[in-house]
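With chain L's structure known, arrange chain G on it following the hints.
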Amino acid sequence: MSVRTLRRISQWAIFLVFVFLFLNTEYKDNDVLPYAVNIFLRLDPLVAGAAAVTGRALISLVWPALIVVGLTALLGRFFCGWACPMGAILDAVDATVFAGLRRRGVVPGTWRRWKYLILVFLAGSALFTLQWVFFFDPISILIRTFAVSVFPAMNRIVHDAFGLLYQAHPGAAARVSEPVYDFLKAHFLAFEQPVFRTAAPVGILFLAILAAEYFQKRFWCRNLCPLGALLGLLSRFGLFRRRVMEDGCTRCDLCEKSCRMGAIHDDIETLHGECVGCMDCQVICPEEVIRFSGKEGRQEAAVDLTRRGILTSAALGAFTVPFFRVEARRKAPDPGLIRPPGALPEDGFLARCTRCGECMRVCIANGLQPTWFEAGPEGMWSPILVPRIGYCEFNCTLCGQVCPTGAIRRLPLADKKKVKIGLAEVDRSRCLPWRGQSDCIVCEEHCPTASKAIILKKEMGMTIAGEPRVFKRPYIDEGLCIGCGICETKCPLTDRGAVYVTSRGESRAVSGGPLGS
Amino acid sequence: MQCMWSRRKFLRLAGGAAGMLAGGGAGIRIFGSEVPEAEAAIAARVNVAVASGASPSENARKAVAALGGIKAFIGRGDVVVLKPNIGWDRTPEQAANTNPEVVVALAEMCLSAGAKQVRVFDRTCNEARRCYVNSGIQSAVEAFGKKRGASDILRVYHVEDRKFRRTTIPGAFALKEWDLYQDALEADKIVNVPIAKHHGLATATLGLKNMMGVMGGNRGQIHYNLSDCLADLHRRLPTSLTVIDATRVLLRNGPSGGNLADVQAQGKIFASADVVAADVVAAERVFQWKVKDVAHIQKALEAKIGVTSPAQIRVVEA
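Just so you know, the sequences run in chain order L and G. Counting along the first sequence from 1, when you hit position 251 you're at 263 in our numbering, and nothing is skipped either side. Counting along the second sequence from 1, when you hit position 50 you're at 52 in our numbering, and nothing is skipped either side.
Excised from the complex, chain L in its bound form (with noise of 0.2 Å):
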């Protein structure tokens, strides 16, 4: 078995736990995840450092990058080779969809510096707590991507397809295609379709990133990613690298020709920094001179970053940083930003908040959505409750068990079912009851706290005819209510729902003052 057969295996194994993690980051009736489904966001040392740095904290859900850094110290950039899911996407499109393109080297060498400027762009922010690594991380990337985008998206078509089989042909449909739809539902497919916000303009983010590999191989890997280059930068004292018995080397330049990061020049020189120790170099020589180990022999080339390149990057990196923060919406908060139960105070928050999507592919209800702005643009992405799509259901505790850097603090039920994430309101102007027009009271019977937090109280009113008659209204005790928003979900009314959640009174609020919000 060749180390390429091995390395190929490596990756596949390792997406297929990617996407075995993925689907189960879900209810399957059991209060409790068993497993960790968030390890590939915790096992990275980008994230990890950005989260801990931005926020200012030893977060201890993030050791486990420690072990990737070990290993990246000790074998070089392997993980970009052999275990990246967003390589292994990369290299599987370039397999197929784009097998056999040509390319023409139109693609800069020198565009591989980005990636380190964008890292240290990233490094200058979060030392002045804003937190974007977000925005450039493959494993956030990929996360966010799959659960607002891409899994809606298949989920939509699977299960559009069997409906129309279903319909168009129901007896034959029953028999061939139903039991592989329930099988298909059973262990795939979503219980329910979710729908999300920004899943476009996600979905063509990612798309963009996979087409980029029409202009270059690893395009993402070797450009942008500041991931690798983080992981680049750590390899620089690695014992496992490309060695070329340069006597043996005839200079076919095969070895070149393949590298897919384009790592190697002159056939002889390596740069450390860029091989992912794919190692497809070593088994395409047809001298048999390369070797990967630990032995003497630096052969290096450098990537060509300018001093100035870095201090501009960190520079820009710092100031961009008080731009954020004289957004409005500092000032005034919108009154949409209702966060899930366990969040830490807003700065914490968003340092901390990876925008990786985990939280809002396990919400139960579907209720937890990408902001756009109402965090201001430094927490585009992150979650936010939006009732009218989905509640956040009273005995579940699901997005604090999945969120990797603590962002959303894990919190036993007891406590959980006591965070108030917001108040609702009755909009009487709107409210059947309120304005005469008929009985409801749906949101009432769904309140889900121990005493009701929604108050029927009998009152005269008069019906639109003006006849008096008694009308059951809704009232809301702000001190019972927690702001899970299932009254506003289940409002019968079509548009908006004449009871709302805003994120007044939540228990995050360091101001208010006693006498309230």
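The reader is advised that the hints may include incorrect statements.
Stated by the list, open to error - Just so you have them, the derived chain L footprint on chain G, three or more residues with Cβ under 8 Å:
no.	region
1	73-82
2	126-132
3	147-154
To be verified - Here are the in silico distance ranges between beta carbons for each label pair:
no.	chain 1	residue 1	chain 2	residue 2	range
4	G	A263	L	A180	51 to 57 Å
5	G	A56	L	P191	37 to 43 Å
6	G	G71	L	D439	53 to 59 Å
7	L	R187	G	L187	19 to 25 Å
8	L	A521	G	D154	26 to 32 Å
9	L	P334	G	A263	52 to 58 Å
10	G	E179	L	K470	28 to 34 Å
For the record, the hints were derived by calculation from the structure and aren't laboratory data. Even glycine gets a Cβ: it sits at the ideal position worked out from N, Cα and C.
Frame of chain L, contents of chain G only:
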């Protein structure tokens, strides 16, 4: 037992109908107030069985037996929909969903009557999987099916959006058409198994309200005119047997509950072929509510979808 007549009336009736009342070991009473002699003389038409004093499943069996046994309702080869309340993410102790033992007992009875299919489902209010799991109904039914080797006959499953059918309701007061679940529309028999609970709007949720579980779409809208809409629903989907679980009863903060302090153990089961009759008796016995206190029961009597007067109900103690 509630005595609703004046002493005078009772003495007249007791004198005149001593023979009728003396019969029956467990006691048969005419149900209702202000019963004129002439009407009392007509034999009460609809039986409601009340069972207590045993386990929930045994009570269910006794109640159905007192009505003539399950074979009076389910025929061999019938496709049966067994419709419990699985609406809420609550445990059995919280009494928001039907007691799993009662559901299993009814499933067993339907199987013993030779049903071809027994289909257990509900369109829930909270997240469906959590409701099915935490109510205990999913595991109880599946375990029972497995034990009997009847997993292909007895199935508990979630509803699917695509199987709701737009259905017109002829003769409707208010609900002219609605999306109703295909399996309920196609069933040979529907066995309605609610749990008795307090309800903010409806005062009580019993058999009539329980059938909302087969409604699709934005069903909260029927709250705008609950009484009429429930009558119309039953007009379109009559049930063969209603078994009201009053083993544990949610007395306040229904229908979702959550506070064990609101639950009272009453240990009763009510059963009847007539859902309106069952609701009348259960509302009285469980909550001490008269027909006039529960608007949708009052409306159901007027709508002629079952009994039209409490006087037509005969309570049979099982």
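For the region 73-82 of chain G, do at least 3 residues have a Cβ located nearer than 8 Å to some Cβ of chain L?
violated (count 0)
Between A263 (chain G) and A180 (chain L), does the beta-carbon spacing fit 51 to 57 Å?
With a Cβ separation near 54 Å, A263 (chain G) and A180 (chain L) satisfy 51 to 57 Å, so the hint holds.
Between A56 (chain G) and P191 (chain L), does the C-beta distance stay in 37 to 43 Å?
Holds, since A56 (chain G) and P191 (chain L) (Cβ atoms, about 42 Å apart) stay within the stated range.
For the pair P334 (chain L) and A263 (chain G), does the Cβ-Cβ distance stay inside 52 to 58 Å?
Given about 54 Å between the Cβ atoms, the range holds.
Pairwise beta carbon distance, A521 (chain L) to D154 (chain G), judged against the given window 26 to 32 Å
At roughly 55 Å between Cβ atoms, D154 (chain G) and A521 (chain L) fall outside 26 to 32 Å, so the hint is violated.
Please verify the coverage claim for the region 126-132 of chain G: does it have three or more residues whose C-beta sits within 8 Å of some C-beta in chain L?
Since 6 is at least three, the answer is holds.
Per the coverage rule (Cβ-Cβ under 8 Å, at least three residues), is the region 147-154 of chain G covered by chain L?
Per the Cβ count (0), the hint is violated.
If you check the beta carbons of G71 (chain G) and D439 (chain L), does the distance land in 53 to 59 Å?
54 Å, holds
Cβ-Cβ distance between R187 (chain L) and L187 (chain G): within 19 to 25 Å?
22 Å, holds
Using the Cβ atoms, figure out if E179 (chain G) sits within 28 to 34 Å of K470 (chain L).
32 Å, holds
Violated hints, listed in ascending order, are 1, 3, 8; each of the other numbered hints is respected by the structure.
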